[in-house]
Amino acid sequence: GAVVSQHPSRVICKSGTSVKIECRSLDFQATTMFWYRQFPKQSLMLMATSNEGSKATYEQGVEKDKFLINHASLTLSTLTVTSAHPEDSSFYICSADSPGTPYGYTFGSGTRLTVV
Amino acid sequence: AQTVTQSQPEMSVQEAETVTLSCTYDTSENNYYLFWYKQPPSRQMILVIRQEAYKQQNATENRFSVNFQKAAKSFSLKISDSQLGDTAMYFCAFMSYQGGSEKLVFGKGTKLTVNP
Chain A
1 GAVVSQHPSR
11 VICKSGTSVK
21 IECRSLDFQA
31 TTMFWYRQFP
41 KQSLMLMATS
51 NEGSKATYEQ
61 GVEKDKFLIN
71 HASLTLSTLT
81 VTSAHPEDSS
91 FYICSADSPG
101 TPYGYTFGSG
111 TRLTVV
Chain B
1 AQTVTQSQPE
11 MSVQEAETVT
21 LSCTYDTSEN
31 NYYLFWYKQP
41 PSRQMILVIR
51 QEAYKQQNAT
61 ENRFSVNFQK
71 AAKSFSLKIS
81 DSQLGDTAMY
91 FCAFMSYQGG
101 SEKLVFGKGT
111 KLTVNP
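Top to bottom, those sequences are chains A and B.
80 is the number that the numbering used here gives to position 80 of the first sequence; each next residue is one higher, with no gaps.
116 is the number that the numbering used here gives to position 116 of the second sequence; each next residue is one higher, with no gaps.
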């Protein structure tokens, strides 16, 4: 089946630095990638939707300049957390439309970000 | 705006027994999709079952089945012959596709524990 590879799985960074998270669709082309944030014991909250070759669409309340999303190819989307602060510590998950079946979303394995 | 409500924060069931997880949603749309996702401790999101709103027949995937009541906007998940590996968070999700935009909206989740 369709696989979305997400890296890194865990990252610890210092306050003020930037962190890049990558999601790659393996063996299929993902025209649309979704980025979610999940706080402990809570649900997934959509942060933004990225379409290949165009600017991402951010959900209300999500800072565009802080969470930079790039979807430069049909197999790669990246989320960069800029000038990270401890409150940005969270679990970030990407997902992509999977081919073959209608609206079958495939999720990456997630990235646990800890800002110290 | 669409909302998804899961009224059972936690549930438990004995191995081999049957359990039903509740989900209700609110929408004014007629065409949409509903999903149940499983998130085990690994935090990998796994699609359990999917239902298209235009289909009257309830979806079934092996031990997993749904009771889709469109008029009542209810979408419950039944797990038969529960197994220890079914222990996970279960999220109900709603998706509609309009005007070139699609978005998954998740409920808050139900933590299911299968006891030996």
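One should not assume that every hint holds.
Claimed, not checked - These stretches of chain B come out as covered by chain A in the derived footprint (C-beta under 8 Å, 3 or more residues):
1. 38-45
2. 62-75
To be verified - Think about it this way: if two alpha-carbon atoms lie no more than 27 Å apart in a straight line, the pair counts; the simulated BS3-like pairs of lysine-lysine are:
3. B:Lys70 - B:Lys111
4. B:Lys55 - A:Lys41
5. B:Lys108 - A:Lys64
6. B:Lys73 - A:Lys41
7. A:Lys41 - B:Lys103
8. A:Lys41 - A:Lys55
9. A:Lys64 - A:Lys20
10. A:Lys41 - B:Lys111
11. A:Lys20 - B:Lys103
12. B:Lys108 - A:Lys41
13. B:Lys111 - B:Lys78
14. B:Lys70 - A:Lys55
15. B:Lys108 - B:Lys78
16. B:Lys103 - B:Lys55
17. B:Lys103 - A:Lys66
18. B:Lys73 - B:Lys103
19. B:Lys103 - B:Lys78
20. A:Lys64 - B:Lys103
21. A:Lys66 - B:Lys108
Think of the hints as simulated: they come from the structure by calculation, not from any bench.
We treat Cβ as the ideally placed atom computed from N, Cα and C, and that holds for glycine.
Could you tell me which of the numbered hints above are not met by this structure, giving the numbers in increasing order?
2, 4, 8 and 14
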